[in-house]
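Heads up: the sequence lines are chains A and B, in that order.
2 is the number of the first residue of the first sequence in the numbering used here; add one for each residue after it.
39 is the number of the first residue of the second sequence in the numbering used here; add one for each residue after it.
One thing to keep in mind: the hints can contain errors.
[Said to hold, decoys possible] If you want a taste of the chain A side facing chain B, the calculated C-beta under 10 Å gives, among others:
| id | residue |
| --- | --- |
| 1 | Thr57 |
| 2 | Pro58 |
| 3 | Ala68 |
| 4 | Asn97 |
| 5 | Pro241 |
| 6 | Lys245 |
| 7 | Ala271 |
| 8 | Glu272 |
[Unchecked claim] Distance condition first, Cα-Cα at most 27 Å in a straight line; then the derived BS3-like pairs of lysine-lysine:
| id | chain 1 | residue 1 | chain 2 | residue 2 |
| --- | --- | --- | --- | --- |
| 9 | A | Lys160 | B | Lys172 |
| 10 | B | Lys283 | B | Lys115 |
| 11 | A | Lys111 | B | Lys171 |
| 12 | B | Lys169 | B | Lys202 |
| 13 | B | Lys305 | B | Lys46 |
| 14 | A | Lys24 | B | Lys172 |
| 15 | B | Lys300 | B | Lys95 |
| 16 | A | Lys43 | B | Lys95 |
| 17 | B | Lys68 | B | Lys283 |
| 18 | A | Lys111 | B | Lys202 |
| 19 | B | Lys202 | A | Lys24 |
| 20 | A | Lys291 | A | Lys245 |
| 21 | B | Lys292 | A | Lys109 |
| 22 | A | Lys24 | B | Lys327 |
| 23 | A | Lys160 | B | Lys171 |
| 24 | B | Lys221 | A | Lys109 |
| 25 | A | Lys199 | A | Lys319 |
[Stated by the list, open to error] Ranges between beta-carbon positions, derived for each pair:
| id | chain 1 | residue 1 | chain 2 | residue 2 | range |
| --- | --- | --- | --- | --- | --- |
| 26 | B | Met216 | A | Glu281 | 45 to 55 Å |
| 27 | A | Pro142 | B | Met216 | 24 to 34 Å |
| 28 | A | Tyr35 | B | Glu127 | 45 to 55 Å |
Derived by calculation from the structure, the hints in this document are not laboratory data.
Note that CB positions come from ideal geometry on N, CA and C, so glycine has one too.
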Amino acid sequence: MAEKLYIEALREGLREELLRDEKVFLLGEDIGIYGGAFGVTKGLVQEFGEERIIDTPISEQAITGIAVGAAVAGMRPVVEIMFFDFLTLAMDQLINQGAKIRYMFGGKAKVPMVVRAPMGCGTGAAAQHSQSFPGVFAHFPGLKVVMPSTPYDVKGLIKAAIRDDNPVLFAEHKLLYRVKGEVPDDEYVLPLGKADVKRKGNDVTVVAGSIMVLRALEAAKELEKEGIDVEVVDPRTLKPLDMKTIIDSVKKTGRVLIVEDDPVSFGWGAEIAAGIVGSEAFDYLDAPVKRLGGLDIPIPYNPNLERHAVPQVEDIVKAVKDLLR
Amino acid sequence: MELTAEKKLWMYRKMYEIRCFELEVDKLFKANMIWGTCHLSVGEEATAVGAIAALEKDDMITSTHRGHGHCIAKGGKLPQMFAELLGKETGYCRGRGGSMHIADIETGNLGANGIVGGGIPIATGAALASKMKKDGKVTLCFFGDGANNQGVFHESLNIASLWKLPVVYVCENNQYGMSVAFKKSTAAENVADRAAAYNMPGEIVDGNDVEAVYFAVKKAVDRARRGEGPSLIEAKTYRWLGHSKSDANVYRTKEEIEEWKKKCPIKRYRAKLVEEGVATEEELDKIEKEVEGEIQEAIEYAKNSPEPSVEDIADGVYA
């Protein structure tokens with residue numbers, strides 16, 4: 002076990018898959034010698050060459066479509082979209098083509114591709130470079146959606162995503178890139194569709210994804226001082242979604258807060274809330290299901306406004322206390 | 039470059055097969071046996087057949103919403119095609135795709151597409167896969183004149199040329215994007231003129247002359263296979279019938295349609311084959327009879343095929 006940054010663990014996962022399978026290749030804007038806008042692919046072009054670490058023109062729709070075509074023709078492309086917001090430019094190829102091809106063709110084609118994109122605010126990049134909306138993609142049949150929160154998870158899940166025979170959207174919160182965590186030295190792959198209990202507790206369940214897992218864990222530490230025992234559940238993949246782990250946790254605690262970085266209205270938190278109240282966990286609820294998420298606004302530039310646009314540790318602390326009132 | 043008699047007769051047969059297929063689809067549609075919509079390529083048979091005749095068996099294509107002809111020319115089986123149009127379990131897509139999504143990965147047909155221009159980057163990506171795998175395959179990308187104004191056309195052709203990908207872009211310019219005339223939609227005089235912007239060869243060809251299409255595409259395919267990069271070929275042709283099943287043809291005149299019918303690619307080729315002594319009228323009649331028989335058998339197969347089961351409705355969403 003060694004302490005590694007999220008970005009290093011992610012890069013290691015990519016590197017191991019590039020070494021393992023020659024069908025795997027990366028393509029995206031500035032991912033070669035520049036190493037990607039956030040440095041995820043740094044050093045890979047030196048090791049694997051320009052044929053497998055491909056710098057593309059600024060053409061998100063074509064890059065994504067090229068990945069679809071290459072995948073159908075037997076390769077395993079991994080696309081980097083420079084900012085999550087730019088996925089809107091690639092929607093036709095990702096949704097109408099990549100996600101639907103297999104079903105439309107009667108189950109006779111495979112589209113093994115990954116689209117990675119850094120999301121989230123907290124860097125002052127304003128409205129067109131800061132939004133988190135992985136929940137949108139979970140709405141489309143045919144896609145899988147992954148949003149790892151720790152260095153351990155990101156490595157194991159990128160490897161699983163690359164090996165999966167379906168198009169996978171891989172959402173990386175950019176504030177996570179510099180977060181450290183334990184990563185095993187030996188090879189491992191994590192399954193898609195398995196939630197992880199990041200902290201055990203008995204009083205309240207906090208279901209949090211991506212960056213919100215870290216904030217929920219910090220909030221749990223503070224609440225512990227006041228004798229409140231919080232369980233933090235990280236779905237890790239939105240699609241497939243492991244409701245069972247969430248339901249089991251709620252049955253134990255009887256109270257649940259869902260925290261997402263997506264705008265809260267019509268967000269994935271609502272899907273999980275509905276899953277809880279529609280399950281046997283309903284009978285165990287001692288308080289209404291509570292949700293926290295981004296405000297219904299584009300991400301603002303001013304640092305103080307930006308901070309208030311999405312849930313922070315203190316918001317989670319307050320919401321948990323409200324649940325226990 | 040010479041065409042063998044065998045290849046010429048194959049081209050005649052395939053064009054006739056497409057014509058019969060489309061006219062039967064029209065009948066089935068009018069008889070309410072086909073659900074939804076479909077886009078027929080009557081009058082455009084020479085572009086599909088001439089272009090695909092220039093490919094090797096293992097080469098790949100991407101097709102369009104007007105894709106029945108491409109599928110047939112690429113070796114698609116008529117019974118499975120009719121079955122798909124009738125929404126049957128035995129269809130190419132198990133009744134999940136219909137007219138706009140027929141694909142046959144096994145014969146290298148990466149699929150028709152309901153999105154105008156949607157197949158252009160997919161073909162480009164398939165060509166990238168071939169380049170990386172060094173499998174020697176070429177991908178042929180069909181699209182219409184409407185697609186040449188989609189942004190992804192520009193993005194894809196730029197990349198294909200930059201990376202010297204083994205892909206050939208074949209624009210079937212049938213003069214109308216649904217109802218809007220080519221001249222009203224496109225600032226360039228010809229689609230092929232746009233090739234210059236991507237530093238690739240651009241060629242205009244008579245899309246109703248199957249051999250002309252063949253030779254133009256063959257040159258481009260050979261070039262692509264040699265690793266010299268993509269080409270853009272514009273085949274000028276005409277769709278005789280409406281855009282889709284709801285089209286009353288209010289945007290063009292009967293005279294215009296009749297003018298183009300005089301340039302029927304099948305009649306023209308028939309006359310040429312007889313004149314050249316490749317086949318007699320009787321021999322060509324025999325081919326036509328055979329094709330008509332196959333079409334009827336295929337329709338029977340489709341009619342007698344089972345409906346997909348509702349229990350399996352979610353099959354194939356994920357691998």
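To see whether the hints hold, each was checked on the structure:
1. Thr57: holds (7 Å)
2. Pro58: holds (6 Å)
3. Ala68: holds (6 Å)
4. Asn97: holds (5 Å)
5. Pro241: holds (9 Å)
6. Lys245: violated (19 Å)
7. Ala271: The hint is violated - Ala271 (chain A) has no Cβ within 10 Å of chain B, the shortest such distance being about 22 Å.
8. Glu272: violated (18 Å)
9. A:Lys160 - B:Lys172: holds (26 Å)
10. B:Lys283 - B:Lys115: holds (24 Å)
11. A:Lys111 - B:Lys171: holds (17 Å)
12. B:Lys169 - B:Lys202: Given pair Lys169 (chain B), Lys202 (chain B) holds - Cα atoms ~9 Å apart, limit 27 Å.
13. B:Lys305 - B:Lys46: Holds: Lys305 (chain B) and Lys46 (chain B) sit about 14 Å apart, inside 27 Å.
14. A:Lys24 - B:Lys172: holds (12 Å)
15. B:Lys300 - B:Lys95: violated (33 Å)
16. A:Lys43 - B:Lys95: Measuring from Cα to Cα gives roughly 41 Å; hence the hint is violated.
17. B:Lys68 - B:Lys283: holds (9 Å)
18. A:Lys111 - B:Lys202: It holds: about 26 Å lies between the C-alpha atoms, which stays within 27 Å.
19. B:Lys202 - A:Lys24: holds (20 Å)
20. A:Lys291 - A:Lys245: Holds: Lys291 (chain A) and Lys245 (chain A) sit about 19 Å apart, inside 27 Å.
21. B:Lys292 - A:Lys109: Since the Cα atoms of Lys292 (chain B) and Lys109 (chain A) sit roughly 42 Å apart, the hinted pair is violated (cutoff 27 Å).
22. A:Lys24 - B:Lys327: violated (47 Å)
23. A:Lys160 - B:Lys171: holds (22 Å)
24. B:Lys221 - A:Lys109: Violated, because 39 Å separates the two Cα atoms, which is more than 27 Å.
25. A:Lys199 - A:Lys319: holds (20 Å)
26. B:Met216 - A:Glu281: 45 to 55 Å: At roughly 53 Å between Cβ atoms, Glu281 (chain A) and Met216 (chain B) fall inside 45 to 55 Å, so the hint holds.
27. A:Pro142 - B:Met216: 24 to 34 Å: Given about 28 Å between the Cβ atoms, the range holds.
28. A:Tyr35 - B:Glu127: 45 to 55 Å: About 51 Å separates the Cβ atoms of Tyr35 (chain A) and Glu127 (chain B), which means 45 to 55 Å holds.
In this structure, the earlier hints numbered 6, 7, 8, 15, 16, 21, 22 and 24 are contradicted, and the remaining ones agree with it.
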